[in-house]
Amino acid sequence: MTPLAALPDWAAVVTAILVLLGALLTFVGTIGLVRFDSFYRRVHAPTLGTTLGAGCVLIGSMVCFSVLQSRPAVHEVLIAVFMTVTTPVTLMYLVRAAFSRDRLEGNEGVPAFHREESDPPPPAPRDAEA
Amino acid sequence: MSAALLSWSITIAQILLALAMACATYRMLRGPRAQDRVLGFDSLYVSGMLLILTFGIRSGSTIYFEAALIISILGFVGTVALAKFLLRGEVIE
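Here the protein sequences come in this chain order: F and C.
Going letter by letter, the first sequence gives residues 1 to 130 in this note's numbering.
Going letter by letter, the second sequence gives residues 131 to 223 in this note's numbering.
Hints are all accurate, no fakes.
In silico SDA-like cross-links for lysine to any residue, where the CA-CA straight-line distance does not exceed 20 Å: (1) C:K214 with F:F99; (2) C:K214 with F:F39; (3) C:K214 with F:R103; (4) C:K214 with C:D166; (5) C:K214 with F:E105; (6) C:K214 with C:F171; (7) C:K214 with C:L204; (8) C:K214 with F:Y40; (9) C:K214 with F:R96; (10) C:K214 with F:P88; (11) C:K214 with C:M158; (12) C:K214 with F:V85; (13) C:K214 with F:L104; (14) C:K214 with C:I203; (15) C:K214 with C:R163; (16) C:K214 with F:M92; (17) C:K214 with F:D102; (18) C:K214 with C:R167; (19) C:K214 with F:A97; (20) C:K214 with F:V89; (21) C:K214 with F:S100; (22) C:K214 with F:T47; (23) C:K214 with F:R101; (24) C:K214 with C:Y175; (25) C:K214 with F:V95; (26) C:K214 with F:Y93; (27) C:K214 with C:G161; (28) C:K214 with F:T86; (29) C:K214 with C:A164.
Which residues of chain F face chain C? A few of them, derived with a C-beta cut under 10 Å, are: (30) A6; (31) W10; (32) V13; (33) T15; (34) A16; (35) L20; (36) G29; (37) L33; (38) G49; (39) T50; (40) C64.
Everything labelled a hint here was simulated from the structure, so no lab data went into it.
In this text, all values refer to a predicted model and were calculated from it rather than measured experimentally.
We put the beta carbon where it would ideally sit given N, CA and C, even for glycine.
Just chain C, same shape as in the assembly (with noise of 0.2 Å):
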């Protein structure tokens, strides 16, 4: 029972992750400017590192864990090397 409420929560979290993650690449495809790119990127890295946690906990394998950890290091990088481009227009001075 509780098993089955838990798998279905979980069903259901991951079609909101999905719609979240398509929610931000259409920001990402149609952002009227380059900073609104950006800000659909960062909300799609975070989206997609959520939905890689609930793949962990519905299959119980702390491996998605190593996953999620580094899309978040990766992401926070890309965007800031991204808000760096876009405020000087160059990324290492």
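For reference, chain F alone in the conformation it holds in the complex (with noise of 0.2 Å):
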């Protein structure tokens, strides 16, 4: 426990107060996804709860280390911005991915495919072809 002790009270308090919200976010985004009834809706839960929880952790984290080396420590900005990054890209194509299997075993709750009079039919099947 030393290198704590070393820490500030006030830099003490944020840190903890930052560490904890993001624990509490990311267990909250998580109760959602055991809790929510169908895919779509459980997809909200991880990218809001965890994006936010892990931004708080990123920042008090940022906090400990820049007041414990009397100097900025930025390489959490590093996490944070790849976190911003991906999380958003990954659940997206997740979710088209999701959407698209639904769509071609014409689930309830998922738009069909659009198709208008004058399209071309659509094409066989790959399993027709063989």
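Two chains, two frames, some hints: make the complex.
Okay, here's the thing in structure tokens:
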């Protein structure tokens, strides 16, 4: 516990609040992941919860290390920027995959393929060609 | 006093993050369809990365930061590859 004892009071309180808040937000997000009842509802919970929670924990870590080393420690910004860029990309990609799977299987709750009368007929499924 | 406060709140945060990882694991094992499992995997690695960051704050060393960065990069690649596989049935076209 020696490194934490060197931290002044205000920095310890700020770090404690940010870390607790971040962990709580992440936990709330994953509770949503367990409790919601359809995939398209479930995908909202981790996107909001974990991104905000990761931001809070990273800012807390940044405050802690900046005060401990008495110089600005900004390497956590790397993770923060990376998370902010990649989380929307991955989850939008995942939702596109789920959407196309649902449409292919003709499940309820997703719009079907929209076709005009003048459109060419849909291509035959891959299995039929073999 | 403040060190004890910080130590206790880091312990509580670690318990919450471990519970978050448990919830994500539940969704990954239970998930009715493949995309639910991928979503559970995604929030599992983010929670694990935050858990490692709280270990780093507790010990005051920056080694944990490198591990968290590698987890976040490899997790991104893994989730995108899985989503690509779900979309097309093959990872590299």
